[in-house]
Amino acid sequence: GAVVSQHPSRVICKSGTSVKIECRSLDFQATTMFWYRQFPKKSLMLMATSNEGSKATYEQGVEKDKFLINHASLTLSTLTVTSAHPEDSSFYICSAREQDSRARGYTFGSGTRLTVV
Amino acid sequence: KNQVEQSPQSLIILEGKNCTLQCNYTVSPFSNLRWYKQDTGRGPVSLTIMTFSENTKSNGRYTATLDADTKQSSLHITASQLSDSASYICVVSGGGTNAGKSTFGDGTTLTVKP
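For the protein sequence lines, the chains are A and B, in the order given.
Under my numbering, think of the first position of the first sequence as 1, with each following residue one higher.
Under my numbering, think of the first position of the second sequence as 1, with each following residue one higher.
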């Protein structure tokens, strides 16, 4: 089945530094990947849609200069949290869908727990 | 506005018992409805996916139903196990003018006790 690998699973960083999170589709190609943020006991909140070879589409209220997304290949998308602050601490999850596989739904990564101190 | 509402918000059951989780939605046009299981600190894992023409789908002890007319879905868990303790999320994807857009429910937190 489709597998999405997300790395790192946990990261602690100091305020003001930047953190990069990787999302890889291991056995399929994904022209589109999605980045979510999840607060405790809440469901996933879509932050942006990552499109291979073009600019990401950000949801309303999400700062594109704060959360940089790069989708340089059909199997890799990265999310960089720039100048991180404690309020950026959260659980970040990516998902991807196989090309031409609408019926299969989305495969999620295992998530990244970011703690900014 | 497209919405997905799940109930109950949380549920505690004894191991071996059955339970049913509900998902009501207003997404229209509709494409598909998916149920995911999310363990604490992990990403969601797909349980079932149903399109407009499907009204029931099973995955082991998990059985999902869909009534596209009333815009309701349920996830039935049979003979619950301790490992079923997790958050269950209903996700509805739109079709037509809403194609490519998914709306997430807030999830039901299930706790299975021995």
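In short, the hints are calculated from the structure, not lab data.
Take these hints with a grain of salt, some might be off.
[Claimed, not checked] Taking lysine-lysine and the BS3-like style, the derived pairs with C-alpha atoms no more than 25 Å apart in a straight line are:
1. B:Lys101 with A:Lys42
2. B:Lys57 with A:Lys55
3. A:Lys55 with A:Lys41
4. B:Lys101 with A:Lys41
5. B:Lys57 with A:Lys14
6. B:Lys113 with B:Lys101
7. A:Lys66 with B:Lys57
8. B:Lys1 with A:Lys14
9. B:Lys101 with B:Lys57
10. A:Lys42 with B:Lys71
11. A:Lys64 with B:Lys17
These are the hints, each one checked on the structure:
no., hint, in the structure
1, B:Lys101 with A:Lys42, "holds (19 Å)"
2, B:Lys57 with A:Lys55, "violated (37 Å)"
3, A:Lys55 with A:Lys41, "violated (31 Å)"
4, B:Lys101 with A:Lys41, "holds (23 Å)"
5, B:Lys57 with A:Lys14, "violated (47 Å)"
6, B:Lys113 with B:Lys101, "violated (36 Å)"
7, A:Lys66 with B:Lys57, "violated (41 Å)"
8, B:Lys1 with A:Lys14, "violated (39 Å)"
9, B:Lys101 with B:Lys57, "holds (23 Å)"
10, A:Lys42 with B:Lys71, "holds (23 Å)"
11, A:Lys64 with B:Lys17, "violated (47 Å)"
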